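Protein chains: 2
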Amino acid sequence: MPIRRPEPIAVRRNRRPKPKPETDALGFGRFFTDHMFMMDYEDSRGWHDPRIVPYGPIELDPAAKVLHYGQMTFEGMKAYRSPSGGIRLFRPDMNLKRLSRSNVRLGIPPIDEELVSEAIRRLVLLDRDWLPAAPGTSLYIRPFILAVEPLLGVSPSREYRLIMIMTPVGSYYEKGGDPVSIRIETEYVRAVRGGLGGAKTAGNYAASLKAQEEAASRGFAQVLWLDGVHRKYIEEVGSMNVFFRIGEKVVTPALSGSILDGVTRDSVLRLLNHWGIGTEERRIAIDEVAAACRNGTMAEAFGTGTAAVVSPIGELDWDGERLLVGNPGEAGPLTRRLYDELTGIQTGRAPDPFGWTVALDGSEEPAKPGRD
Amino acid sequence: MPIRRPEPIAVRRNRRPKPKPETDALGFGRFFTDHMFMMDYEDSRGWHDPRIVPYGPIELDPAAKVLHYGQMTFEGMKAYRSPSGGIRLFRPDMNLKRLSRSNVRLGIPPIDEELVSEAIRRLVLLDRDWLPAAPGTSLYIRPFILAVEPLLGVSPSREYRLIMIMTPVGSYYEKGGDPVSIRIETEYVRAVRGGLGGAKTAGNYAASLKAQEEAASRGFAQVLWLDGVHRKYIEEVGSMNVFFRIGEKVVTPALSGSILDGVTRDSVLRLLNHWGIGTEERRIAIDEVAAACRNGTMAEAFGTGTAAVVSPIGELDWDGERLLVGNPGEAGPLTRRLYDELTGIQTGRAPDPFGWTVALDGSEEPAKPGRD
Ligand SMILES: Cc1ncc(COP(=O)(O)O)c(C=O)c1O
Ligand SMILES: Cc1ncc(COP(=O)(O)O)c(C=O)c1O
Numbered sequence: 001m002p003i004r005r006p007e008p009i010a011v012r013r014n015r016r017p018k019p020k021p022e023t024d025a026l027g028f029g030r031f032f033t034d035h036m037f038m039m040d041y042e043d044s045r046g047w048h049d050p051r052i053v054p055y056g057p058i059e060l061d062p063a064a065k066v067l068h069y070g071q072m073t074f075e076g077m078k079a080y081r082s083p084s085g086g087i088r089l090f091r092p093d094m095n096l097k098r099l100s101r102s103n104v105r106l107g108i109p110p111i112d113e114e115l116v117s118e119a120i121r122r123l124v125l126l127d128r129d130w131l132p133a134a135p136g137t138s139l140y141i142r143p144f145i146l147a148v149e150p151l152l153g154v155s156p157s158r159e160y161r162l163i164m165i166m167t168p169v170g171s172y173y174e175k176g177g178d179p180v181s182i183r184i185e186t187e188y189v190r191a192v193r194g195g196l197g198g199a200k201t202a203g204n205y206a207a208s209l210k211a212q213e214e215a216a217s218r219g220f221a222q223v224l225w226l227d228g229v230h231r232k233y234i235e236e237v238g239s240m241n242v243f244f245r246i247g248e249k250v251v252t253p254a255l256s257g258s259i260l261d262g263v264t265r266d267s268v269l270r271l272l273n274h275w276g277i278g279t280e281e282r283r284i285a286i287d288e289v290a291a292a293c294r295n296g297t298m299a300e301a302f303g304t305g306t307a308a309v310v311s312p313i314g315e316l317d318w319d320g321e322r323l324l325v326g327n328p329g330e331a332g333p334l335t336r337r338l339y340d341e342l343t344g345i346q347t348g349r350a351p352d353p354f355g356w357t358v359a360l361d362g363s364e365e366p367a368k369p370g371r372d
Numbered sequence: 001m002p003i004r005r006p007e008p009i010a011v012r013r014n015r016r017p018k019p020k021p022e023t024d025a026l027g028f029g030r031f032f033t034d035h036m037f038m039m040d041y042e043d044s045r046g047w048h049d050p051r052i053v054p055y056g057p058i059e060l061d062p063a064a065k066v067l068h069y070g071q072m073t074f075e076g077m078k079a080y081r082s083p084s085g086g087i088r089l090f091r092p093d094m095n096l097k098r099l100s101r102s103n104v105r106l107g108i109p110p111i112d113e114e115l116v117s118e119a120i121r122r123l124v125l126l127d128r129d130w131l132p133a134a135p136g137t138s139l140y141i142r143p144f145i146l147a148v149e150p151l152l153g154v155s156p157s158r159e160y161r162l163i164m165i166m167t168p169v170g171s172y173y174e175k176g177g178d179p180v181s182i183r184i185e186t187e188y189v190r191a192v193r194g195g196l197g198g199a200k201t202a203g204n205y206a207a208s209l210k211a212q213e214e215a216a217s218r219g220f221a222q223v224l225w226l227d228g229v230h231r232k233y234i235e236e237v238g239s240m241n242v243f244f245r246i247g248e249k250v251v252t253p254a255l256s257g258s259i260l261d262g263v264t265r266d267s268v269l270r271l272l273n274h275w276g277i278g279t280e281e282r283r284i285a286i287d288e289v290a291a292a293c294r295n296g297t298m299a300e301a302f303g304t305g306t307a308a309v310v311s312p313i314g315e316l317d318w319d320g321e322r323l324l325v326g327n328p329g330e331a332g333p334l335t336r337r338l339y340d341e342l343t344g345i346q347t348g349r350a351p352d353p354f355g356w357t358v359a360l361d362g363s364e365e366p367a368k369p370g371r372d
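If you read the protein sequences in the order shown, they are chains A and B. Residue numbers for the first sequence follow UniProt numbering, so the first one is 1 and each next one is one higher. Residue numbers for the second sequence follow UniProt numbering, so the first one is 1 and each next one is one higher.
Rather than coming from a laboratory, the hints here were simulated on the basis of the structure. Hints should not be assumed to be uniformly reliable.
To be verified - Some, not all, of what chain B presents toward chain A, calculated at C-beta under 10 Å:
1. Ala-25
2. Asp-61
3. Pro-62
4. Tyr-69
5. Ser-155
6. Arg-158
7. Ile-165
8. Glu-185
9. Arg-193
10. Ala-202
11. Glu-213
12. Val-229
13. Asn-273
14. Gly-276
15. Gly-278
As the list claims (entries may be wrong) - Distance condition first, Cα-Cα at most 20 Å in a straight line; then the derived EDC-like pairs of lysine to aspartate or glutamate:
16. Lys-210/A x Glu-159/B
17. Lys-210/B x Asp-34/B
18. Lys-210/A x Asp-319/B
For clarity, every value in this text was computed on a predicted model and none was experimentally measured. In this text, a Cβ means the ideal position worked out from N, Cα and C, and glycines have one as well.
Model the full assembly from the supplied sequences, consistent with the hints where possible.
See below:
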């Protein structure tokens with residue numbers, strides 16, 4: 001890829017902005033803002049043509065590699081509205097670094113993280129009116145990279161497209177902050193060491209759909225995955241990492257390569273350490289979890305992720321046995337404290353001792369002629 | 001899905017047919033014929049609007065689930081030209097049944113196999129001039145089903161599109177029938193029991209790209225995968241199942257759920273049994289393979305798949321050790337016999353004792369107004 005100065009981002013404005021949905025109707029990932037960002041890659045030219053264009057269908061050759069061999073990576077982060085009306089991002093550098101790591105695993109060429117960072121800023125500012133104002137709401141940002149070369153051989157693509165879309169979101173889980181019931185999955189496996197589990201890529205989620213569906217049909221909110229080798233060690237929950245407060249320690253599975261290196265996970269660990277609460281990142285056997293639930297030392301359990309922030313787990317179903325966590329029906333004190341602290345930092349309601357948030361200001365530049 | 005009589009397949013002809021490529025330039029999956037088949041699914045309507053339209057770009061919402069969560073399945077089969085100029089398919093029912101099984105694993109609604117079968121017939125006949133005539137060439141048929149609902153939640157889509165494209169193919173491997181060198185992969189894992197390995201879906205191939213690329217950069221044609229649990233048992237090779245002739249027995253890994261149930265694999269097993277040659281489907285440890293190579297009892301090794309039919313393996317690289325198979329530089333007698341017999345049956349040059357081939361005749365009906 002030739003070294004080149006980053007091109008300026010061209011902007012073609014949407015002349016027919018959509019009506020904004022009611023806050024109550026938001027849900028997750030259902031509505032999309034008026035614009036999206038795109039940029040193309042070819043082996044001979046590198047990444048080029050960064051542009052913001054009206055949100056709308058994309059054209060792909062039916063032989064585009066991503067449609068057959070799943071060569072793609074993605075990210076998910078949020079923009080939050082602060083009490084003063086400003087807009088903040090939460091640790092976007094972590095998401096861009098993870099995107100770069102995922103790209104390495106999937107054989108996708110490196111991106112210019114600064115350019116993508118600038119694209120995020122420009123896109124969010126352009127569609128800032130889409131950021132809902134109600135508490136708990138936010139604007140979810142989804143950058144993704146697709147292998148678009150029209151060639152059916154199983155080999156890395158020589159052409160890619162990076163796209164970024166945004167969706168205003170309410171609360172990810174229908175029940176909001178109530179503790180959820182989670183099913184421990186004993187049949188299906190999501191990922192295994194040596195596989196794709198550590199990368200944010202489509203195949204991991206494809207692998208989870210069936211288990212998710214079966215769990216949902218039995219009334220469970222999510223699936224808790226066990227490792228694919230021993231079928232014994234805790235991995236993660238749906239789109240969340242998982243934490244347990246057992247006695248006075250907070251434990252979470254170590255990053256083994258088969259789970260996602262969550263930005264929220266990292267933030268929670270840092271907050272806990274900052275608060276002087278002992279944490280352990282290690283292997284956690286399902287038997288240990290079950291024993292702690294049975295003997296009453298499982299004080300709290302929660303999932304962490306961009307979508308749900310910190311989400312209390314009330315019970316686990318293990319092959320029909322109900323394993324209860326803490327006080328039935330209510331989120332534990334640490335779960336609540338973490339939720340409040342994190343959302344406080346994210347929205348600028350609380351101080352940000354770690355310098356995690358990035359304020360987006362600067363009025364949007366006037367639209368330039370687009371080249372789409 | 002309401003029960004309904006299958007709709008007739010609408011046809012909109014391509015008024016600007018492309019020039020056909022030279023046979024030498026064919027390769028695999030590089031050129032596409034003038035038409036493609038499409039059909040849509042919504043929960044409320046079931047599959048509808050089966051149609052043949054000119055080959056060209058498809059439109060997808062950038063939030064289409066397949067682009068984020070990889071919910072898709074696909075198949076690959078071939079049409080062959082017989083000496084008399086007729087066209088034959090090889091066991092297409094097996095591919096459609098496997099597509100249906102893959103759909104179950106991916107949470108995709110069932111297809112009407114008869115309708116898709118009819119679509120294959122119509123599409124191949126319409127583009128029959130694309131079927132190259134030279135020996136070893138064929139027309140590869142790629143049906144695939146994409147989750148197209150524009151919704152970012154990780155759950156099965158409520159909208160799908162089935163597409164079928166076709167590509168004239170030369171020989172899959174550049175070196176043709178010469179034995180290839182294969183690298184035994186000891187770091188990456190393609191699939192694990194409980195995962196997606198038994199289904200034909202994008203995620204499995206995404207997981208293979210990195211290993212494939214590293215093997216290719218070291219001069220190996222393909223990767224041989226070991227199981228994800230013990231990292232010890234043979235799984236499959238790239239887009240092929242794998243067989244070893246050790247002494248007088250032919251062994252191949254049993255279908256454990258993590259490898260694809262190959263149509264060619266099944267055909268080879270049936271042919272060998274028909275010929276009175278002993279076969280075993282079982283676990284095969286890499287140590288057993290290595291020992292047989294070292295002590296000279298590894299008489300032949302080959303991969304089987306639609307793309308390459310039967311492809312001789314000349315040597316295996318196991319963490320730097322070169323494990324030699326049979327006589328260096330030449331395909332073994334059984335490998336050759338299987339290749340000749342299978343391609344003979346497929347093209348109609350040899351008798352078809354199993355009733356595996358389906359002759360496509362009937363001249364193509366006149367084009368009806370399309371509804372795309
Ligand atoms: C599989 C998986 N695990 C964990 C997470 C949590 O990661 P993060 O906190 O960065 O959102 C996510 C969501 O992004 C995920 O998809
Ligand atoms: C992973 C994998 N294994 C094996 C095969 C061989 O299957 P078949 O003989 O049906 O082509 C294929 C190709 O389809 C494949 O993709």
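Hint by hint, here is what the structure shows:
no., hint, in the structure
1, Ala-25, "violated, 14 Å"
2, Asp-61, "holds, 6 Å"
3, Pro-62, "holds, 5 Å"
4, Tyr-69, "holds, 4 Å"
5, Ser-155, "holds, 6 Å"
6, Arg-158, "violated, 12 Å"
7, Ile-165, "holds, 5 Å"
8, Glu-185, "holds, 9 Å"
9, Arg-193, "holds, 7 Å"
10, Ala-202, "holds, 3 Å"
11, Glu-213, "holds, 5 Å"
12, Val-229, "holds, 5 Å"
13, Asn-273, "violated, 30 Å"
14, Gly-276, "violated, 35 Å"
15, Gly-278, "violated, 32 Å"
16, Lys-210/A x Glu-159/B, "holds, 16 Å"
17, Lys-210/B x Asp-34/B, "violated, 33 Å"
18, Lys-210/A x Asp-319/B, "violated, 36 Å"
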